[in-house]
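Enquirer: Now for the letters of each chain:
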Amino acid sequence: MVDLLEIRNIRKSFGNNVVLKDMTFNVPPGAIVGFIGDNGAGKSTTIKTVLGLVSHDTGTVKIFDEENINIHPEKKEMIGVVFDAMNLPAHLTIKQLNNVLKKLYNTWDQNHFYQLIHSFHLPMDKKVNEFSRGMSMKLSIAVALSHHAKLLLLDEATGGLDPSSREEVLEEIINFVKYGDKGVLLSSHIMSDIEKVASHLVFIKEGEVLLSEEKDKVIENYAIVDVHENQLPVLNKNIVVAKRNHGSHFSVLVSDRKELPEGIDSKNFSMDELSVFLTRSEK
Amino acid sequence: MRGLLLTNFYLVYRSILAYTGLAILIAGILLYFGGSSMQGIATLLIILLMAMPSLEVIKTESKSDYDKFVLTLPITRSNVVQSHYTFYFCIVIIGAVLSYCIFYVYNNMTETPTDSLFNIVAMGLFVVLVAGSIVYPLLYIFGANKSDAIVLGGGIAGFFARFGFGYIVADLPLSSLKLDLSITIPILFITVGIILYIFSYFIALVIYQKKEF
Chain D
1 MVDLLEIRNI RKSFGNNVVL KDMTFNVPPG AIVGFIGDNG AGKSTTIKTV
51 LGLVSHDTGT VKIFDEENIN IHPEKKEMIG VVFDAMNLPA HLTIKQLNNV
101 LKKLYNTWDQ NHFYQLIHSF HLPMDKKVNE FSRGMSMKLS IAVALSHHAK
151 LLLLDEATGG LDPSSREEVL EEIINFVKYG DKGVLLSSHI MSDIEKVASH
201 LVFIKEGEVL LSEEKDKVIE NYAIVDVHEN QLPVLNKNIV VAKRNHGSHF
251 SVLVSDRKEL PEGIDSKNFS MDELSVFLTR SEK
Chain A
1 MRGLLLTNFY LVYRSILAYT GLAILIAGIL LYFGGSSMQG IATLLIILLM
51 AMPSLEVIKT ESKSDYDKFV LTLPITRSNV VQSHYTFYFC IVIIGAVLSY
101 CIFYVYNNMT ETPTDSLFNI VAMGLFVVLV AGSIVYPLLY IFGANKSDAI
151 VLGGGIAGFF ARFGFGYIVA DLPLSSLKLD LSITIPILFI TVGIILYIFS
201 YFIALVIYQK KEF
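Sequence lines, in order, name chains D and A. The first sequence: position 151 = 151 (my numbering), numbered continuously. The second sequence: position 143 = 143 (my numbering), numbered continuously.
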């Protein structure tokens, strides 16, 4: 089955500042890809590049196997987008927003939209710019889920939500992919959310992919080991994903704990620990 | 496209109503105290004040980052530019019709009715179309946070263009063509205004296609 989103060797610079370096990963059908990185790592720029909001210098972006989404506006019917802040027209009420969106989307599902609005407890007659951040994010998610999209691009969509709302939104995201033909790219700082819903993990740092793997494989096979500097050469280079220098010793993330030499003990890690490790590590 | 126009309308319809009330009030005051000498300014003010809120659309869209989100909807970039230009043009036409209505009432109430209403409205249309032609490409280049200066500059440029083109028209040998100048000159102004506006649309389109968000 063709990937819903395929990013190959994307490079993007603003002047002399290279923000994306050879970025490569994909979103297969049925996957929720957790897109993880520090502030400024390039997550938002990647999503903007995918959507054609910024151009890229080299590489290819394919959505539903088509390049250049801007010349295929009908393909955008199948993409739901939520940015890290509310981006809906400020002075509109939800009713007015519904009127507008049903004219813009051929596939707009008004009943589903109002159902989500109701379940998110959002006020119908209040202007969108009077909403709290949490309400705004819920509205943006309701919009993204109401036109039978096949691919969701969520940029920090769960940030600013209270735990109960986050739970609701995460359930919607899980429901979205349950039939295996849709996919989600979910950028987030909240590792518990990623741990809960993601099926694939993509860690980036300074515009580069550090790790792109299925979450279950990471949990099952990956390990962090603490080794002395002179033990580094005994590790199989092919399994070393990243390492962190602590002065006298190194912490090393390996992709296959079974390949570790005898005498080197591995330790398990949480998603939070993995995230911190990768964002502070060197290759 | 209809969805984008409807969004523009929802974004600024309150301002349009407020500016329309203001335009009628100011026009009424000018005509009451200034009489026929104020007819040109009153007409221009009505059309200009009506058009002002539609120039605010881009500013309002940008404030809420909707200018970024709109490009994720199933539309093209040219649809966005079309919607801005079409909305502005429609509001300008409504402004022209409103000024016609105001002068119709004024002519029925005054002892010195104006006989050059078409000419006055045409000059007003020319000024606001030139202003729009300048404002939109500049807004796409410099961004909505410079919109106040750009709109002001566009309005002033519109005035200068009206007088500049007036001098050019005055030098044309139109009288030798045996045309009714009270009709020909206003039509000439409107036609040139529309041509500039269309030309500006294509420039704005090129700029907007390359814009990064």
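Just so you know, not all the hints are guaranteed correct.
[What the hints assert, rightly or not] What follows is a set of in silico ranges between Cβ atoms, one per label pair, in the way DEER data are often shown:
id, chain 1, residue 1, chain 2, residue 2, range
1, A, 28, D, 68, 41 to 47 Å
2, A, 210, D, 262, 36 to 42 Å
3, D, 127, A, 166, 27 to 33 Å
4, A, 34, D, 123, 45 to 51 Å
5, D, 127, A, 34, 49 to 55 Å
6, D, 123, A, 170, 56 to 62 Å
7, A, 156, D, 129, 28 to 34 Å
8, D, 110, A, 181, 32 to 38 Å
These are computed hints drawn from the structure, not numbers from a lab. Computed from a predicted structure; not experimentally measured. Backbone N, C-alpha and C fix where the C-beta goes; we use that ideal spot for every residue, glycine too.
Enquirer: Tell me the numbers of any earlier hints that the structure contravenes, in ascending order.
Expert: 1, 2, 3, 5 and 8
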